[in-house]
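Colleague: Read off the chains here:
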Amino acid sequence: MTEEKRCPACGKPTAGYVPCPHCGADPRNSITLKFAAVICVIILGFGAVFYLAYLTTSEAAPTAISSIDSWIDYSYVWVNGVVSSGPNYGSGVASFEIYDNSAERLEDATLPVEYYDPVDNTVPTVGDQIMAFGQLRAPVGGDKELRISFPSDIQLTRAEPVATTISDIMSTWDTSDPLSSPWIFKRVTLTGTVTGVRPLSSAKIYTLTDGVSDIELYVHNGRETLENRSLGLNVLDVVTVTSGLSQYSGSPQLVLASFDELQVVSSENAPEVEIQSVNENMIDNVVRVGGKILFVETKGSGSDLEFSERVLSLDNIYNPNVSVSEDLLDLMSDNDKALVKRGTTIELVGDVQRYGSSVRVAWVGPQSPTLTSGSYEPPSVDNFLAITSDNLNELVTITGSVTAESEISVGWLPSHWLLTLQDNLGGSVSVYLPNFLYERMESPPAVGDTIEVVGKVTSISGHSLVVQPGVIDDVQRLS
Amino acid sequence: MRGLTHFIMGITVATFFKSLVTGAILTDSWLILLGGVFGLLPDTLDFKFLVYVEKQDVVIDPDPYDVKPQEIANKIADEITKVGTMKPGEMRRLQMHTMKLGPDLWQSYSIYFNKAKSQVEVKVGPHATTSGIPAFGTEPPADKALGVAKFTPKLVDTHGRATEVKGFGGPSFGFLKKKDGTVEVVFIPFHRRSGHSLTMGIVCALLGYLVSQSWVVFGVIIAGWTMHIVLDTFGHMGNNLFWPITKQRTSGLYLVSASNPYWNAFTVYSCIAIILWNMNLYNASVSPAYTIPGISALGPAIYLFFVVAIPWAIVGAMYYWYKQKTKGARPFELFAPTTGAVGMAATDSAGVQEQEHYYEIDEKPKPSIILRILGVAILAAIFVVLFIFGPSW
Amino acid sequence: MIYLLYGLIGVLIGSVLSVLPSLHPLNFAGIGVFIYLVFPSDPLGMMMIFMGMIVAYSIVGTVTSTFMGAPDDSTVYMVFPNQKYLMFGRGYEASMICGIGALGAVLILLMIAPVSSTIFPIFRKITTPHYNWVLIGCVVYLLQSEWPKDFGSRAKTKLGRLKDGWASLGAGWFVFFISMMLGFIVMNTPIVPADRAFQNIMPVFVGFFAVPWVLTNMISKADIPPQSVSNRFFVSKKDMLRGTSAGFFGGMFAAYEPIITAGVGGVFAGHATSTQGDTQFMVSGSAGRLTYYVGAFFLLWVPLLHLTRGGMAWTSSLIYQPRTESDFWLMMSAIAVSAVFAFIILAFVARFIAKMVAGVSFKKISIAVLFVVLAMVFGFTGFEGLVIMAICTGIGLIPPMFRTRRLNMLLGFFFPVFLNMIGMRADVLKVLGVY
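Chains as they are written, first to last, in numbering that gives the first Met the number 0: chain A, 0 to 478; chain B, 0 to 392; chain C, 0 to 434.
Calculated directly from the structure, the hints in this document are not laboratory data.
Below, computed lysine to any residue pairings styled on SDA-like, alpha-carbon distance capped at 25 Å:
hint, chain 1, residue 1, chain 2, residue 2
1, C, Lys157, B, Phe46
2, A, Lys33, C, Leu11
3, A, Lys185, A, Arg104
4, B, Lys47, C, Ser144
5, A, Lys185, A, Thr164
6, B, Lys153, B, Ala115
7, A, Lys11, C, Gly276
8, A, Lys291, A, Gln275
9, A, Lys143, C, Phe122
10, C, Lys237, B, Trp262
11, B, Lys99, C, Lys155
12, B, Lys114, B, His235
13, B, Lys54, C, Arg153
14, B, Lys99, C, Ala166
15, A, Lys33, C, Leu106
Could you put together the complete structure from these sequences and hints?
Modeller: Set out below in structure tokens:
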């Protein structure tokens with residue numbers, strides 16, 4: 000230990016002191032590159048073991064849907080199951096659901112899926128077995144969903160369809176326990192007759208029957224956009240459809256994935272019946288009726304200003320009416336819809352229904368009725384005093400000046416209006432304008448206006464005799 | 000203990016309060032942090048406020064370019080002698096200042112209270128960096144290296160070794176006249192007094208209650224504060240528990256060393272384990288998605304046994320083996336003469352850790368075993384109370 | 000095996016980029032995506048390249064912090080031990096000690112890999128609803144735990160001494176507040192051009208940390224002394240073990256917890272384990288850095304976890320998400336091989352630079368570094384980025400001047416993100432009168 004002893008770290012003389020008074024290095028505690036090399040070897044050993052693990056494990060481990068909860072929000076998972084609903088198409092996205100039997104309750108084992116920029120042959124349909132990978136969203140208090148971004152993240156085993164009948168499905172279905180059905184989430188082929196359609200905002204639900212039982216067929220509107228055509232079904236078409244069987248609110252529902260999977264085999268003809276011959280014996284029968292539209296009466300929903308249905312009087316006001324729901328009317332083209340008016344001759348298929356103490360024919364969709372334009376004006380009444388209770392339900396044309404107007408309050412909705420119309424002879428009659436017509440008029444009639452009204456003589460609460468127009472065009476301002 | 004240990008211990012006791020944990024989840028309440036804030040607050044008060052408002056009876060502020068160790072020693076010895084003539088309970092405070100030569104260069108000096116010879120020894124060392132590396136060749140000449148001054152009364156010094164003065168602010172000493180006529184050296188007398196009393200904790204808790212009108216807030220403040228006091232009592236320097244009724248610091252229980260990294264790490268790890276236990280337990284009342292029933296089903300005792308006791312038994316065994324292996328080894332081995340300024344500089348070089356077992360002090364207090372057991376029992380009792388009653392708070 | 004090769008390529012690219020000062024892993028992620036777009040390749044291979052880059056940054060990047068700054072006694076008070084070692088002629092040793100610390104962290108990461116798919120989901124399940132208060136708690140602790148760094152007040156009055164003592168603390172709070180305001184502005188106002196918006200934080204980081212460092216180095220009068228390139232490193236195995244384990248836990252806490260960065264995690268780890276001495280500090284810092292960057296990326300690959308943390312994970316998940324357990328094992332084996340390769344590169348690069356820098360005027364090095372930094376910021380973020388960088392440099396000079404924590408800048412800058420996470424951003428902005 001001489002004065003010339005130098006620090007092995009900084010090289011300065013230490014006079015023998017340790018640690019080095021210059022740099023603090025303590026040569027009693029040191030490691031060498033060998034120490035690092037040993038660590039490297041151990042690390043490489045781990046690397047080799049893990050590489051072996053990589054070579055020997057390849058299966059993806061799916062996550063049970065029932066175990067998904069907000070604590071794994073945003074993580075990426077595999078989900079394995081059967082497609083239980085969909086696909087529904089939006090803008091650049093296809094939505095469906097996967098069921099994996101990981102819980103007793105259907106809702107707990109079902110996961111909605113959003114598949115972005117879908118590639119057609121990778122879009123699953125109900126009944127397909129699917130192994131899908133994507134990002135999970137499961138926000139606290141929010142809805143769970145899986146988001147798939149790449150077609151390669153979907154592994155599909157397409158289901159083979161099995162032939163069956165509507166009766167077979169319905170006879171084995173338990174609404175309180177849909178999962179017990181042998182057909183749930185299976186792909187089936189069956190034949191049925193179209194007996195109706197219920198349009199929704201994003202889809203149409205057709206009713207198919209095999210004469211014994213009925214079943215619903217769900218067709219998402221996005222399919223029309225995708226295929227750039229409509230399904231073109233008509234009531235009484237006999238169709239063969241291959242689709243998956245899903246459920247909605249416990250009831251079975253066929254889900255059509257592609258228009259190519261539905262073929263119209265034939266079309267039944269409804270028996271032609273004179274409208275005036277429609278009677279109670281025909282209730283629940285589908286018939287073909289026709290006639291000239293004498294009057295179109297619009298009915299409101301009562302809870303808002305929307306129309307709920309139109310009631311058509313054909314050939315004679317005493318004939319059974321034809322009712323058509325507004326959403327069925329909306330299925331028609333604008334041109335055809337405009338033709339459903341007074342004077343048009345119409346031929347349509349309808350379902351005979353009881354209506355109070357009488358019967359009426361309910362328009363069943365989907366159909367394109369035969370429409371021939373025409374005109375009709377009910378007889379004109381110049382002396383309003385001649386309109387009495389004996390004229391109830393008759394159609395009249397009246398022209399007069401509005402001498403008074405009053406509102407009939409209906410709670411939070413806009414009021415109905417009652418106009419007093421005076422003829423040239425001083426007689427007057429009340430004209431009832433329901434709010435769903437009044438609010439649609441560009442310039443409703445006011446006191447002093449001379450108007451012509453085509454309407455039905457009827458009574459309303461508090462007023463035994465009023466004339467009620469059917470549609471907006473039944474009221475014309477003359478001056 | 001280190002600040003983080005206190006803070007996390009405060010958070011730990013706060014997580015026993017079910018309403019605080021569920022409130023944090025459901026309403027993003029931050030009240031749970033009060034445990035941590037008030038768990039650390041005693042040291043915050045001491046080192047951010049009380050240190051600056053401490054009374055300074057005498058100030059030692061040497062000239063770094065002309066250090067006179069004899070003058071320093073004389074001044075200190077005079078103070079000790081003066082205190083010896085005062086009434087019991089009275090204290091004189093001495094502030095030592097550092098001598099800065101540059102941004103990272105200090106003129107080091109040390110003070111040693113030599114009880115055996117009743118003298119103060121002030122040694123001037125070489126220039127040194129903040130981390131203690133001396134600048135070789137800057138030792139003072141022999142006539143300016145040492146100052147020795149005698150004092151009269153019998154001195155009690157529980158620190159037992161020289162105090163280095165370099166880097167940032169210097170330490171303060173209190174010289175306390177005791178009833179038996181001796182004078183005790185109190186290191187940094189401002190520390191662990193009013194700011195570390197249970198009475199101050201109660202005051203803070205009452206203030207918290209007044210502001211929030213919530214007994215839970217009162218409870219979490221007092222719990223966090225109390226745990227700080229308890230942990231500090233486990234060390235060497237005690238607390239003034241009932242200030243202003245009691246005047247002086249008690250001695251600690253000498254169960255742990257506050258700066259010992261293993262005790263700190265152990266405490267932090269155990270706290271995290273307990274926090275996770277409480278989270279898992281109380282998350283269940285918000286959503287089953289956030290809880291693992293299997294862990295709660297174990298019960299706290301088994302959980303702590305497997306998660307805390309076993310790992311730390313292994314680490315403790317390794318630590319004990321290491322300590323046995325390095326027992327007796329001094330941090331510095333001197334291969335050169337120990338006399339002269341150079342030798343003194345080498346002896347007193349800084350950058351030393353974990354030295355306490357190298358110096359055996361005759362007068363090092365040894366609290367009775369009963370007191371030590373009582374201390375541990377109090378800590379255990381606090382946790383038992385928290386485990387039992389926490390779910391209802 | 001081809002994927003392991005991708006990883007090694009990533010290490011090479013990352014090593015080159017790591018030597019450039021001012022680059023951050025977020026920049027690496029952006030560069031990686033750029034490479035992928037220009038040279039489309041196997042997405043999984045691209046992920047291996049990302050991983051290699053981040054491993055290289057964590058290991059080879061210590062060369063930058065060691066050799067790109069060297070203070071004299073007038074500036075050394077702000078320096079990390081790496082640069083102190085450089086001035087002692089031990090720069091190569093400092094780099095290697097850091098590199099070994101990083102290797103230690105890799106080893107711990109590999110050791111916990113087999114149980115990670117059990118442990119981490121448990122942590123996630125239990126701690127998910129508590130992120131918010133834990134984050135705020137971290138900020139509260141860091142602000143509360145900063146002790147005054149005065150040199151002993153000579154003021155005669157108590158108030159005077161209090162004022163002296165609180166100078167550094169007050170500066171710390173001021174830095175926190177002003178960084179928070181900057182955070183609100185930068186993260187909500189499109190200052191940087193929109194096509195470079197993904198790099199909008201780069202000028203902030205550079206201004207906070209790199210430029211002040213370089214500027215203070217530029218006033219240094221020191222020449223770098225000759226460097227020892229001995230393969231004997233003066234650190235005890237105990238210090239290595241303590242530093243590595245402390246750094247790993249701090250880094251993993253930062254990787255797991257959103258928003259918390261490596262520096263914050265390192266502070267927590269250091270406090271929790273009472274890190275002492277320069278070597279433990281260096282080892283801990285390096286281990287923490289690797290664990291933070293590589294660990295955050297690792298969390299994306301843990302089966303059943305797939306936690307997206309850190310810029311690299313977020314950016315790379317646009318290209319590929321790990322699908323199977325075998326992806327995880329492949330990534331772990333690639334990390335192992337890449338880490339060893341990066342360490343070997345470190346050894347050569349550090350040795351080479353150690354020999355090159357001896358006798359070089361540190362002022363010249365600093366000027367060169369400054370030009371590179373300015374060019375990088377301008378290249379990535381344009382003139383607007385330079386303006387932000389200048390403002391941040393002003394803020395970044397406050398901590399060294401007032402002896403307060405640089406960490407306060409980071410805490411303040413990211414505090415708006417904390418507030419956003421807990422839904423309080425709008426309320427705070429209203430209080431500040433800027434909403």
